[in-house]
Every structure is written in C-alpha cells, then in structure tokens.
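J.: Residue numbers (full-length UniProt numbering), protein chains in the order written: chain F, 1 to 218; chain L, 1 to 206; chain R, 1 to 250.
Accuracy of the hints is not assured; some may be wrong.
Below are the DMTMM-like pairs computed for lysine to aspartate or glutamate, each with C-alpha atoms no more than 25 Å apart in a straight line [as the list claims (entries may be wrong)]:
| hint | chain 1 | residue 1 | chain 2 | residue 2 |
| --- | --- | --- | --- | --- |
| 1 | L | 191 | L | 176 |
| 2 | R | 60 | R | 131 |
| 3 | L | 191 | R | 131 |
| 4 | L | 122 | L | 96 |
| 5 | L | 191 | R | 243 |
| 6 | F | 153 | R | 24 |
| 7 | F | 153 | R | 243 |
| 8 | F | 153 | F | 74 |
| 9 | R | 18 | R | 243 |
| 10 | L | 191 | R | 156 |
| 11 | L | 122 | F | 88 |
| 12 | L | 122 | L | 148 |
| 13 | L | 122 | L | 7 |
| 14 | L | 191 | L | 148 |
| 15 | L | 122 | L | 105 |
| 16 | L | 122 | L | 60 |
| 17 | L | 122 | L | 142 |
| 18 | R | 18 | R | 158 |
| 19 | L | 122 | F | 74 |
| 20 | L | 122 | L | 186 |
| 21 | L | 191 | L | 142 |
| 22 | L | 191 | L | 60 |
| 23 | F | 153 | R | 158 |
| 24 | F | 153 | R | 156 |
| 25 | R | 18 | R | 233 |
| 26 | F | 153 | F | 73 |
| 27 | L | 191 | R | 233 |
| 28 | L | 122 | L | 102 |
Since the hints were made in silico from the structure, they are not lab data. Source: prediction; values computed, not measured.
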Amino acid sequence: MIALLLRDLRLAVRAGGGFGLGLAFFLIVTVLVPFGVGPETALLSSIAPGVLWLGALLACLLSLDRIFALDWEDGTLDLLATAPLPLEAVVSVKALAHWLTTGLPLVLVAPLLGVLLNLAPQGYLWLLVSLALGTPALSVLGTFGAALTVGLKRGGLLLSLLVLPLYVPSLIFGAEVARRGALGMELTTPLLLLAGISAGVIALLPFASAAVLRVNLR
Amino acid sequence: MDLRVSDLTVARGGLPVLSGLSFVLEPGGALILRGPNGIGKTTLLRTIAGLQPPVAGRIEGAEDRVAYAAHADGLKPTLSVSENLTFWARVFGAGDIGSALDAFELGALAHRAAGSLSAGQKRRLGLARLLVTGRSVWVLDEPTVSLDTHAVGLFAEAVRAHLAWGGLALIATHIDLGLSEAGVLELAPFKTVLAPVSDDFDEAFL
Amino acid sequence: MAASEKLNSLWSYANPRKFLAVTERMLPGLWALSGACLIVGLIWGFFLTPDDYRQGSTVKIIYLHVPSALMAINGWLMMLVMSLIWLIRRHHVSALAARAAAPIGATMTVIALVTGAIWGQPMWGTWWAWDPRLTSFLILFLFYLGYMALWSAIEEPDTAADLTSVLCLVGSVFALLSRYAVNFWNQGLHQGASLSLDKKENVADVFYIPLLVCIAGFVLLFIALVFYRTGTEIRARRIRALEARERAGA
Numbered sequence: 001m002i003a004l005l006l007r008d009l010r011l012a013v014r015a016g017g018g019f020g021l022g023l024a025f026f027l028i029v030t031v032l033v034p035f036g037v038g039p040e041t042a043l044l045s046s047i048a049p050g051v052l053w054l055g056a057l058l059a060c061l062l063s064l065d066r067i068f069a070l071d072w073e074d075g076t077l078d079l080l081a082t083a084p085l086p087l088e089a090v091v092s093v094k095a096l097a098h099w100l101t102t103g104l105p106l107v108l109v110a111p112l113l114g115v116l117l118n119l120a121p122q123g124y125l126w127l128l129v130s131l132a133l134g135t136p137a138l139s140v141l142g143t144f145g146a147a148l149t150v151g152l153k154r155g156g157l158l159l160s161l162l163v164l165p166l167y168v169p170s171l172i173f174g175a176e177v178a179r180r181g182a183l184g185m186e187l188t189t190p191l192l193l194l195a196g197i198s199a200g201v202i203a204l205l206p207f208a209s210a211a212v213l214r215v216n217l218r
Numbered sequence: 001m002d003l004r005v006s007d008l009t010v011a012r013g014g015l016p017v018l019s020g021l022s023f024v025l026e027p028g029g030a031l032i033l034r035g036p037n038g039i040g041k042t043t044l045l046r047t048i049a050g051l052q053p054p055v056a057g058r059i060e061g062a063e064d065r066v067a068y069a070a071h072a073d074g075l076k077p078t079l080s081v082s083e084n085l086t087f088w089a090r091v092f093g094a095g096d097i098g099s100a101l102d103a104f105e106l107g108a109l110a111h112r113a114a115g116s117l118s119a120g121q122k123r124r125l126g127l128a129r130l131l132v133t134g135r136s137v138w139v140l141d142e143p144t145v146s147l148d149t150h151a152v153g154l155f156a157e158a159v160r161a162h163l164a165w166g167g168l169a170l171i172a173t174h175i176d177l178g179l180s181e182a183g184v185l186e187l188a189p190f191k192t193v194l195a196p197v198s199d200d201f202d203e204a205f206l
Numbered sequence: 001m002a003a004s005e006k007l008n009s010l011w012s013y014a015n016p017r018k019f020l021a022v023t024e025r026m027l028p029g030l031w032a033l034s035g036a037c038l039i040v041g042l043i044w045g046f047f048l049t050p051d052d053y054r055q056g057s058t059v060k061i062i063y064l065h066v067p068s069a070l071m072a073i074n075g076w077l078m079m080l081v082m083s084l085i086w087l088i089r090r091h092h093v094s095a096l097a098a099r100a101a102a103p104i105g106a107t108m109t110v111i112a113l114v115t116g117a118i119w120g121q122p123m124w125g126t127w128w129a130w131d132p133r134l135t136s137f138l139i140l141f142l143f144y145l146g147y148m149a150l151w152s153a154i155e156e157p158d159t160a161a162d163l164t165s166v167l168c169l170v171g172s173v174f175a176l177l178s179r180y181a182v183n184f185w186n187q188g189l190h191q192g193a194s195l196s197l198d199k200k201e202n203v204a205d206v207f208y209i210p211l212l213v214c215i216a217g218f219v220l221l222f223i224a225l226v227f228y229r230t231g232t233e234i235r236a237r238r239i240r241a242l243e244a245r246e247r248a249g250a
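Chain F on its own, in the form it takes in the complex:
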C-alpha cells in the first residue's frame, strides 16, 4: 500500500502539473469572482467563505479523471487487480494520494486567497478547519466517480455530472462552518455533520468504488 502511495506521489511530483494546476485554477476562480460581483469589500467579505469553498471544490474536480485514467491506459489497473493488494485498498490509497496532491495544497492556500476576498479575521481558522475536514470526502467521492467512468472515452464531463450532486452535502455543511466561523457564530452542528459525512464516506465508499472498478475491468 505504501509502495503504491509513494509511487503515485512521485508520479505527481515528476509530472509537475499535479500540484500546480489545481492551485492555479483555485487562484483564478478567486480572482475572477470580484470581477463578477464588484469590488465592494463588505459584499466580498460576506461571500468569501462560500466562494472559497466552491473554488476549492471545483479545483478538486479538475484533477479527478486523472486518478485512474493513466493506470487504466497503460494496464497498471489490470495488474493491480491481480496483485495481493485488495482493490478496496488500491482505491483508498488512490483517494489519499489525490487528497495529498490536490486537497491538502488547496486547504493550505485557501487562507491566502481569503485575504483577497476580505475574509473576516476570525474566519481563517474555521475556513482551514472546514476545508481540512471536508476535502477528504471530496477526494473519496471523486475516486468513486473516477472508478465509474474509468473506461469511457469522454468520461470527464460525465464525471462532473455524476460527482457534483454527491458534493452537495459536504459543500453545504463545509461552507456553513466557514460562514458561521467568519461571523463568529456557534458552529458545532455543521462541523459535526461535515466531519460525520467525511468519516462515513471514507469508511464506506471505497467498497462501492472497488466494486465498480471490478466491473469496469472485466
């Protein structure tokens, strides 16, 4: 398992685009929002948590189809399926690698982008916390979507269509935590629900992803 994780991370680093692309996209979205809604700081600061969450979510979506596509094309998936590693573990490791290369950098860079949108000072901590708790679920759900569409030629768009509705609960609770954090409000309930969704998704969804991958390999 560790071998697979290290290989995926090494591939992401060597390919170069792994870390950079998602971050650049996140930055661009954040920069475009004020052009769209106007430069008033009060307005920007009130929509900042939601915009940052949405930007992170879309940036995460961008790299999903690469989770399995390359391994599918070069036959690695066939070989992994016959390896001693259970496919459930393969899927979990893939999701973890995706989170480490995409989700984690997004979490870390989000506070910097918060500055651009005049995020309230007390909001930074909760933005960071909510993204740190929520993005793992985005990676795991995305892995499921990627496993569903792995053999398809034009899978990218379909993948977005399948995955985005699954992102709704995480987005709602995550953005709510960030918003309430910025307003200095009580936020235990959405925080627990966000963490609960992530925990449930991480625990259960790899079984569905592995089942789906097996179907696609046969």
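Starting from the structure of chain F, add chains L and R where the hints point.
T.: Below, chains L and R without anything else, positioned relative to chain F:
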C-alpha cells in the same frame, strides 16, 4: 499445486466464445494456447487471471497465484526502469530486482526513464516484472510482441527457469518459443456453437 | 411452502418473454384507467371545487404538483428497488425497468418543479425561491440526469446495469443526505405536507378526494409508461443480442 480448469465457458461482451474447456497443468508444466484471432484467447486468460468471472465451469489453483502480463506493460514513463520494477516487487511483497534485471539484460538501462526505452526494451521490462512477483502461475498474453530473436531467447530461458523452479506457465502466442517441453492446446474445437435462434429467448436474451 | 412457491412464481415474471406477454395484456387497461382517472380527477379538481379562501384558484395546481412530486420520489425508489434486485438476483428485466423508469421520473421531477414555480409566483411573489423542498427536487433532478447519462455512456449493457445500479444506491444515500443538508441550510417557506393520514389538518375534503383520484391517475400512468418503455428496452436488448450472435457467426 496444479492449475485445474474444468468445463469452463468464457464470454466476451455477454456472448459465450469458448466452452467445455478442460485441462490440468502440473507444477513445472507449460501450455501454449493457439487459435485464430478472435477465438477468445485473451478472454480465456483474463478469466483465469480472475479479472472476469467465468460463465460456467471451475478454475482451481489460480487464485492469488497468478502473475498476468498482457499487451500493456503497466509501466510509468517518468519512473526509471529500476523504480518501475521495485514498485511491482514491493506490491507483490517480493524483494530482489537484480536477478530480474539480469535475466532480461536490463542492468545497463536500470536508471533510464522507462519512457525513453524502445518498444522491445519496454516489453523486456514488462516481462521482468513477472520475475519479481514471486507468483507461480504465469498467465501471458502474446508475450513476445516487439521482441527480437535474441530477446525471445531470453524470454524462453526465463520461462524454462520458472518451470524448473516448479512454476506453471500458460502462454497465448503465435510464434515458436522453442519450449519443447510445453504442451499445445488448440482452442478452435472449443469455440462455442450457439444454438439456433428461437422465439423462446431466455434471461440472457440469447 | 405455499409462500415460497408464490415467491418463485413472482420471480418468473423476470423472464423477458413472460414479462412482455403479461404487460402487453395489461397495458390497454392501464392506459384507459389512468386516462380516465386523470380526466375525471383534473376536471373535478379544476372546475368543480371551490376556490381556497386564502389562495384563490391558484391552489388548484396541487392536482398536478402533488401527484407529480410523489411520482418523482417514488420513481427513484422504484429504480432503487430494481437496482437492488439486479445486483442480488441479476434479472435483466429489473435492470431494464430501472433504466426505463429514469426518464419518466425525471419528467415528473420537471413537472413538479415547473408547477411549483407557477404556484410560487403568485403565492411567494417569485418564480423561484431556494426553498428546501424545491431545492431538494432540483438536486433529485440532477441525480436523475447523472443516472441517465451513465446509462447512455456505456456500450456493454451488463456493465452499464452494474454501474448504474451502484450509482443508484450511492445516489439514494446522498439524495437523502442532501435533503437534510438543504433543510438545515434554509428553513424555507413551503407549506407543510399537503397530504397525510391526518388529512383534516391539511387539505379540506372537497379538495382531498379529487386529489386522490389524480394521484391514482399519475400512479397508473407511471406504471403504464414503465411497462411500455421496459418492453421497448427488452426488444432493443434482444436486437442487440441477435446482432452480436450474427457477428459471432452463429
């Protein structure tokens, strides 16, 4: 342990292609599969490797013992030859990659990126992967594609060593590997004959 | 013993030929009955009930809104059950029935959304409000879209059936989760359930009976459409199988 296939039916795209297939392969034995294109060699090998379920029949002695190699070698172009091999060695929990590199004369290329290899060199690396799996049942689909005569010789040597060690090999190939000890299984007689179309179609619509 | 025999005879309808034979006999009756229910229910509801003392005549849109909303949810539930049957028992007809139901359910969702908007305009003063129920239906519609898109994207029918079934299971969980998330996100302006066992609290008798007739009409229409479309899917599948045989040289 024997590889025992009894009364096997395999399907491609929902349609049975080979049926009533039975054979036993003992440790140290090799079986060459022959048959025209489209007869279902790949389907049969993928079924034995456990990548797809059989329609009917039993496969015994294959589970968790198969090292599968097909047209795609599962190589990452940005990783070096030894990194690629080390990865598979660690996934299969086997250790040493040195002898695998030697067996396919890849030692000099060990630090080259796999993406810069020629097609034949890539193939040799893909086959070297079999040696680091430590698995006893080799299931090989056209292993000699893009290999030159010398490399085919290396491959035959590797298969011979594997058999001497007590391994088994199931190989779909069109060329003569010079493996005199290997049995040959002609697949054409096992081609599925579909019953004539009737109005009384069943659950599978066939 | 009798119970298990009954169960076995139930599963025998999963044979495509038997399914076709039975549904073909039932379809004319179903069409007629659903048509009759809809005509009676809608005329009764639209023209023969009094206006609501607060909402005026706009309230009458419930005769379309409520039944279509019910069928939008029940359509998804039916797909869920069919998907489970396919995953567990691998009856091809159940997978095809799930496939056949999806566009009908999606259409019902659209009808519910559109009638909701038309009703909402005079009531809330806006065509669209991010009310939890409306929003949930919008999300349900997205799930329907994804499910249908996945079906049509995959060539091999058994693979498609497997993948869409798993998607349906996962999607059901997330549709439910979204429902609660959306409730939490916005408390909403929707009136409470229009229908419940304790009907006196909600809708008066004069409205209630024609509404039941309309619902019966929608249910029958849904069943008829599913039967009809499943028949089409079965024939398409049969043609595909025959073509595959031909290619295989049989």
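J.: Determine which of the earlier numbered hints do not hold for this structure and return their numbers in increasing order.
T.: 3, 6, 11, 13, 14, 16, 20 and 27
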